Amino acid sequence: MPTTGNPVLNLSVFAVFVLITLYIVYRASSRNVTASDYYAAGSSFTGAQNGVALSGDFLSAASFLGISGGIAAHGYDGFLYSVGWVVAWLVGLLLIAEGLRNTGRFTVGDVLAFRMRQRPVRAAAANATLVISFFYMIAQMAGAGGLIALLLNVHSKWGQALLIAVVGMVMVLYVLVGGMKGTTWVQIIKAVLLLLCVTLMTVFLLGKFGFSLSAIMQEATEHNKLGEAVLDPGAKYGISTMSKLDFVSLALSLVLGIASLPHVLMRFYTVPNASEARRSVVWATWTMVIFYLCTLVIGFGAMALVGTDAIAAAPGGENSAAPLLAFRIGGAVLLGVVSAVAFATILAVVAGLTLAASASFAHDVYANVIKRGNAEPRKEIRVARLTAVVVGVLSIIGGIAANGQNVAFLVSLALALAASANLSTILYTIFWRRFNTTGTLWSIYGGLGSCLTLIIFSPVMSGSKTSIFPDIDFAWFPLGNPGLVSIPFSFLCGFLGTMFSRREPEHAAKAAEMEVRAIAGLGTKA
Amino acid sequence: MTKAMWPPGETQHEHQELRGFASFDDPESLSYVDSNGKPNFVLIQQTDEFRTLRRRLTTFVFPMTVLFLSSYLTFVLLSAYARDLVSTKVIGVINLGILLGLGQFVVSILITLGYSRYAKRRLDPQRTLIAEKTGVEE
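Those sequence lines, one after another, are chains A and B.
Per our numbering, the first sequence runs over residues 585 to 1110.
Per our numbering, the second sequence runs over residues 428 to 565.
Mixed in with the good hints there might be a few duds.
Stated by the list, open to error - Dumping the calculated DSSO-like pairs for lysine-lysine here, alpha-carbon to alpha-carbon at most 27 angstroms: (1) B/LYS560 x A/LYS955; (2) A/LYS1094 x B/LYS516; (3) B/LYS465 x B/LYS560; (4) B/LYS465 x A/LYS792; (5) A/LYS820 x A/LYS809; (6) A/LYS792 x A/LYS809.
Said to hold, decoys possible - Covered stretches of chain B, as calculated for chain A (at least 3 residues, CB under 8 angstroms): (7) 473-482; (8) 501-507; (9) 510-523.
Hint data in this document are derived by calculation from the structure and do not stem from the laboratory.
Remember, it's a predicted structure, so these values are computed and weren't measured experimentally.
A virtual CB, placed ideally from N, CA and C, is assigned to each residue, including glycine.
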């Protein structure tokens, strides 16, 4: 039974990281005054910097600990996640990044409401952002609980709750002090550390097995009770008709959800123009490819060196594969580094989410719906900061409540929600001239509503042993992930809503402006 | 400057439309920007240059999207419904499925690089052209 190193050492590496990044955040943001600075870092980052930060936003605890753990436990089926998450960046690159950068300023609502009636569309966009961010955030906070249990050897529920609260407060501090600039720097630092960390572990593992991936996998099969079958599909998702459909649904949500997440979309505003936005996605794609190639090696390496049974028995279960492997090959120091990086990951991602949610509320709901576009910028930022605190407190409570739930699954639900509510609406609004306000509202609420409804009536909520409410059964939807139904449904809703309502000739000038800005990038600074 | 040089074909009606906006300025300086300095996006949208740009963009991104989505879904569907095929061992214990998955990484990189190159060669110069013609900056 492997131990998890020295909690005091883990904690001090973590504390040093937090102090250094807080100092950098503080330094980076001393002139943090205008709304543009707070929400979009004054659009001052380069494509490369933002690309690293983008991948940082996406390399959450779920993808680092979850994927390597998924591979260590289920082999092939864990690997499927990483493929979806790499391919997904193409959606952002080809369809979304540049058009979004050119037509919006701070939030998704800016783009969706550009040529529509402002108030209903902004309210809808903000609702979607808040729901998606909340699901995603709960996943991260729940992950923090498991990680704390593993790394700091805190096993009591109260102790974990206290630590979740501390993690939550630190992340709110990042957002309050640093705004988007500070948050972006934390993402960059964290992403670089994470990449260095996984690359070194990968090189070490490959060296140990004579630079043969096959040799690592061969060794791995000997430490998994499925034997060589773990290298074939089906170890996790099984072979029944429904489980196969569920798997396809999950795959669809993965590939379409990432470029629709509000905090990822908001990142495109931190660069000065569309070609930098493009460059940042190219950078993100490269880092993601490298990262997921490494997790493949690390996952099978953990299976080979630590063994699936030992991983499953450790506190934190599957999620502990990467830390246990680190301890096995680098001792307590490497474990301390890996755990600090993993904590930093949670901190940074939750900070990004908090910022996206608070920006959406302050900019879309407060400034444009309540104040009808006449809010004082200073007051708007004050509202944004206040919202960040409220969102932080809510996510701490949610995280404590969800502590122990399956992290990757919560993330996949957030992705399904994002793809259902945002993707169809953004694509229609950028590429379809006829699209109108009714269509926008139908596709946002149709996607969000159908997705939420299907989640509530899925086996995830009730009726099976692993459900949130295992004792009652009101499930009638057979799939755990609703993406297969709700994503096409939102496209259909947007289409029907548009066709069944009148054209909006009064918005024709705005529509022309949007198209020219989105495609040609003209007049974006006006 | 270039503003006066209308390509044959579109000249007539656009030129006349422009005239309508020009009450004081001489036709040379009348342009895609109104008296308040706000770009006239409807006019810009109707230029051949913009249409060309739009066509170049959509004829690249939509087929590419179809391509990578079908390649990804092929991999997913094979993994779900053709287990025996993807379990075929190819190099040591590495099977066809893992290779197909890594193939998706390669496809992603190729499309990413392809789009960067296409954007630099075919899209960005066209954007500069439109900016020069209309006098509207970024």
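Evaluated hints:
A hinted pair counts as satisfied when its Cα atoms are at most 27 angstroms apart, and B/LYS560 with A/LYS955 does not qualify at roughly 39 angstroms. Distance check on the hinted pair: A/LYS1094 and B/LYS516 sit about 57 angstroms apart at the alpha-carbon level, beyond 27 angstroms; violated. For the proposed pair B/LYS465 and B/LYS560, the alpha carbon gap of about 15 angstroms is at most 27 angstroms, so the pair holds. Restraint check: the Cα-Cα separation between B/LYS465 and A/LYS792 comes to about 64 angstroms, which exceeds 27 angstroms; the hinted pair is violated.
Using a Cα cut-off of 27 angstroms, the hinted pair A/LYS820 and A/LYS809 holds, with the two alpha carbons roughly 13 angstroms apart. Between A/LYS792 and A/LYS809, the direct Cα distance comes to roughly 23 angstroms. Compliance with the 27 angstroms bound is thereby established for this hinted pair. By the rule of at least three residues with a Cβ nearer than 8 angstroms to a Cβ of chain A, the coverage given for the region 473-482 of chain B holds, with 3 such residues. Counting residues of the region 501-507 of chain B whose CB falls under 8 angstroms from any CB of chain A gives 5; the rule of at least 3 is met.
Figure legend: the region 510-523 of chain B, annotated as covered by chain A; annotation consistent (8 residues with Cβ-Cβ distances under 8 angstroms, at least 3 required).
Checked against the numbered hints given earlier, this structure breaks hints 1, 2 and 4; the rest are met.
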